[in-house]
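Residue numbers (the numbering used here), protein chains in the order written: chain A, 1 to 175; chain B, 1 to 105.
The hints are simulated quantities; they were obtained by calculation from the structure and are not laboratory data.
Note that the structure is predicted; figures quoted are calculated from it, not measured.
By construction, the Cβ of each residue, glycine as well, lies at the ideal position given by its N, Cα and C atoms.
Just to be clear, a hint being listed does not mean it is correct.
Here are the computed lysine to any residue pairs in the SDA-like style, where the Cα-Cα straight-line distance is at most 25 Å [to be verified]:
1. B:Lys93 / B:Leu25
2. B:Lys93 / A:Leu152
3. B:Lys93 / A:Ala82
Covered stretches of chain B (in silico footprint by chain A; criterion: 3 or more residues with CB under 8 Å from a CB of chain A, positions within the stretch not fixed) [unchecked claim]:
4. 43-55
5. 74-83
Some but not every residue of chain A turned toward chain B, in silico, with C-beta under 8 Å [to be verified]:
6. Ile9
7. Thr12
8. Asn137
Here are the chains, one letter per residue:
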Amino acid sequence: MSLPLLLIILVTLGAAALAMALRNLIHSALLLIASWAGVAAFFLWAGAEFVAFAQVLVYVGAVSMIVLFAVLLTRRSRADLAVAPDSLGRAFSGFLAGGAVFGVLVGGVLSSPLPGSKAVEPTVSVRDIGTQLMGPNAVALLVVGVILTVALLGAVVLAATEPKPDQGQAQEGGR
Amino acid sequence: MNLDPLHLCLIFSSALFCIGLIGTLARSNTILVLLGIELMLNAANLNFIAFWRYGPSPVPATGVLFVLFSIAVAAAEAAVGLALVIAIYRHQKNVRLQEANHLKG
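Next comes chain A alone, as it looks inside the complex:
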């Protein structure tokens, strides 16, 4: 058991748990960036450098910015940043369900015989990844490109459509 791995686990899990427990949305988002960076550090530790850089670029760079913008766009005043406390029953049932899933998962992992740790670390160079992506996995790459294009266009359409004013008035009158 290596010390760097334990440190990475501690930082990642601590940041994630604190982010899910805090009231302030901005603090939650910033702590989640730390957690994603911890996951990237785990990828580096495991020897998957390319994936670690992709994680840093996509999560630490892009998704965090989207989240921060969404937090800032969906508030009216400074007081809105602090989320009102949720009901105790909801939190309790969430903990119960999550704890049960965690127990089942850890029990399953610990009781299953897994292949022992390999002595040699698999080495994958960027050239290998490129040939794999362009050769046997070219169709998957194209499909992912199409999915990204369609999803981003859909996101723009969803977020940019203004409700028509007459509809809004009819809605106000209807209530």
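Since chain A is already given, all that's left is putting chain B on it; use the hints.
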């Protein structure tokens, strides 16, 4: 206690998954729920890399490719989810999930 590195990695990813699950179930702010889902996706990526590192695999790059595709799909999911959050906010000036209970009008 003597754990294999693979066991430790799998327990790590289970813990991250459950933190995301608890956040998703226990919080009622839409943005926090989305962030919990992102945490669960990250836990799945951790599993891919752990099995790629320690498990037997015929093609050496399989786990890495899986994680790359998974990150791409997760990015698309985050963009659509946060656009939905903005659409809900514009509709009812609120992002609490309990109040998003009508589809039309």
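Here is what the structure says about each hint:
Proximity of Lys93 of chain B to Leu25 of chain B is assessed by CA-CA distance (about 22 Å); at most 25 Å being required, the pair is judged to hold. The suggested pairing of Lys93 of chain B with Leu152 of chain A holds, with an alpha-carbon distance near 24 Å, which does not exceed 25 Å. Note on Lys93 of chain B and Ala82 of chain A: the hinted pairing holds, with a Cα-Cα distance of about 16 Å set against a maximum of 25 Å. Check result for the segment 43-55 of chain B against chain A: holds, 8 residues qualifying (beta carbon to beta carbon below 8 Å, three or more required).
For the segment 74-83 of chain B, the assignment as covered by chain A holds, since 9 residues bring a beta-carbon within under 8 Å of that chain's beta-carbons and 3 suffice. The closest approach between the C-beta of Ile9 of chain A and any C-beta of chain B is roughly 5 Å, which is under the 8 Å cut-off, so the hint is satisfied. The interface hint given for Thr12 of chain A is met, as the beta carbon of that residue sits about 7 Å from the closest beta carbon of chain B, less than 8 Å. Given the 8 Å rule on beta carbons, the hint for Asn137 of chain A holds: about 6 Å separates it from the nearest Cβ of chain B.
Going down the numbered hints, you'll see the structure goes against none, and every one checks out.
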